[in-house]
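Every number in this note's numbering is 60 more than the matching position in the sequence shown, counting from 1.
No lab work stands behind these hints, which were simulated from the structure alone. Among the clues, some could well be false.
Capping the alpha-carbon separation at 25 Å, the derived lysine to aspartate or glutamate pairs in DMTMM-like fashion look like this [to be verified]: (1) Lys430 x Asp357; (2) Lys243 x Asp177; (3) Lys112 x Asp65; (4) Lys297 x Glu276; (5) Lys387 x Asp407; (6) Lys382 x Glu293; (7) Lys103 x Glu293; (8) Lys417 x Glu214; (9) Lys432 x Glu356; (10) Lys382 x Asp407; (11) Lys102 x Glu293; (12) Lys103 x Glu88; (13) Lys102 x Asp292; (14) Lys425 x Asp177; (15) Lys239 x Glu108; (16) Lys112 x Glu88; (17) Lys243 x Asp398; (18) Lys297 x Glu80; (19) Lys103 x Glu118; (20) Lys432 x Glu187; (21) Lys181 x Glu144; (22) Lys71 x Glu136; (23) Lys387 x Glu414; (24) Lys269 x Glu236; (25) Lys112 x Glu78; (26) Lys91 x Glu136; (27) Lys387 x Glu421; (28) Lys316 x Asp295; (29) Lys387 x Glu217.
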Amino acid sequence: MNNFDFQNPTKIIFGKGEIEKITNEIPEGAKVLMLFGGGSIKKNGVYEQVSKALSNFEVIEFGGIPANPEYQVLMEALNIIKTENITFLLAVGGGSVIDGTKFLASAALYKGDEPWDILTKNIRTFEGMPFGTVLTLPATGSEMNSGAVITRAETKEKFAMGGPGLFPQFSILDPEVVKSIPKRQIANGLADSFTHVLEQYMTYSVDAKLQDRFAESILQTIIEIAPTMLKDEFDYKAASNFMWSCTMALNGLIQKGVPNDWAIHAIGHELTALYGIDHARTLAIITESHYTVNLEDKKEKLAQYAERVWNVTEGTLEEKAKAGIEKTTAFFKSLGIDTKLSDYTEDYNGTAQEISKRFTERGWKGIGEKGKVTPEMVEQIVEMSY
Numbered sequence: 061m062n063n064f065d066f067q068n069p070t071k072i073i074f075g076k077g078e079i080e081k082i083t084n085e086i087p088e089g090a091k092v093l094m095l096f097g098g099g100s101i102k103k104n105g106v107y108e109q110v111s112k113a114l115s116n117f118e119v120i121e122f123g124g125i126p127a128n129p130e131y132q133v134l135m136e137a138l139n140i141i142k143t144e145n146i147t148f149l150l151a152v153g154g155g156s157v158i159d160g161t162k163f164l165a166s167a168a169l170y171k172g173d174e175p176w177d178i179l180t181k182n183i184r185t186f187e188g189m190p191f192g193t194v195l196t197l198p199a200t201g202s203e204m205n206s207g208a209v210i211t212r213a214e215t216k217e218k219f220a221m222g223g224p225g226l227f228p229q230f231s232i233l234d235p236e237v238v239k240s241i242p243k244r245q246i247a248n249g250l251a252d253s254f255t256h257v258l259e260q261y262m263t264y265s266v267d268a269k270l271q272d273r274f275a276e277s278i279l280q281t282i283i284e285i286a287p288t289m290l291k292d293e294f295d296y297k298a299a300s301n302f303m304w305s306c307t308m309a310l311n312g313l314i315q316k317g318v319p320n321d322w323a324i325h326a327i328g329h330e331l332t333a334l335y336g337i338d339h340a341r342t343l344a345i346i347t348e349s350h351y352t353v354n355l356e357d358k359k360e361k362l363a364q365y366a367e368r369v370w371n372v373t374e375g376t377l378e379e380k381a382k383a384g385i386e387k388t389t390a391f392f393k394s395l396g397i398d399t400k401l402s403d404y405t406e407d408y409n410g411t412a413q414e415i416s417k418r419f420t421e422r423g424w425k426g427i428g429e430k431g432k433v434t435p436e437m438v439e440q441i442v443e444m445s446y
């Protein structure tokens, strides 16, 4: 196992009816900017619960943060933070709203002239404006980590950011909110969290036995609850396991002491930036081709995954590894998620070259756990995903 530091300061408040506890978590006298997305919280009862819990605070609302948090929209919110002397941010939504709030927490204290530099220059945030979250859409794990991804529509770019100053002070996870989420978004959440685990697990062994089994248990749980989550009837027990699995998939625990990949995400972000495809679905598009191209480096872990997660017991190491890839693609399809770029757009010719060019221009000589996924390999991976 590799050396590591681990600290996660986010307080999790989990369970039915816990939204009312917001009032105890925000500093007395705070001026709050409440951020949310397209307005679904006003239809599912969350808005009323949050508003009631905030009744003792001065609150300004900012809605309309899109599914891929958009830089120009967030700049409007940043202006409100500065002109209204906001002292606390509250994200009420899924990963996009929380990611957007993290950007604002960073940008509000940023001393530079252009907040976009935080993303393009990979400036880590060591101190951000305090914020909390009320999670309404399990998927990204953003409610218990310090990372975010922001999109800029005018340049068709999507960049990650983060730093120890961007952990939420608290996050409220009430599985009841899952009841009103459309099945498409449930499927996205299942695929997104599943791939988050793979990115931290599907590398090479450093004999981190407990981390491997943590990761495998999350994968097994997601597989087990997926059919129930996609049924019309709401199941609180399944929703609870779904919500907590999504959080545990990316709260930092399973990545400590082990190599991490994240090439699937790096490539997938470009597909979202170029075509507006749902984040989780871009991951499903890239996963099979990425693992196929990098089979030699990943086959031991892929075979272990096939055995432990999918109960594949027959075949050679390489046959088991390939079975693991096949099982993963089949799982995505079982969620109703297409796994080829051509399923989402007819205008895909040249996409591989464009993404490869972008990586080259950014100086990304090699990504993945060994830094071996070059822009040329990225081109191969994307072409294979057509």
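Check your understanding: So which of the earlier hints does this model not fit?
Key -> 2, 3, 5, 6, 10, 12, 20, 21, 22, 23, 24, 27, 28 and 29
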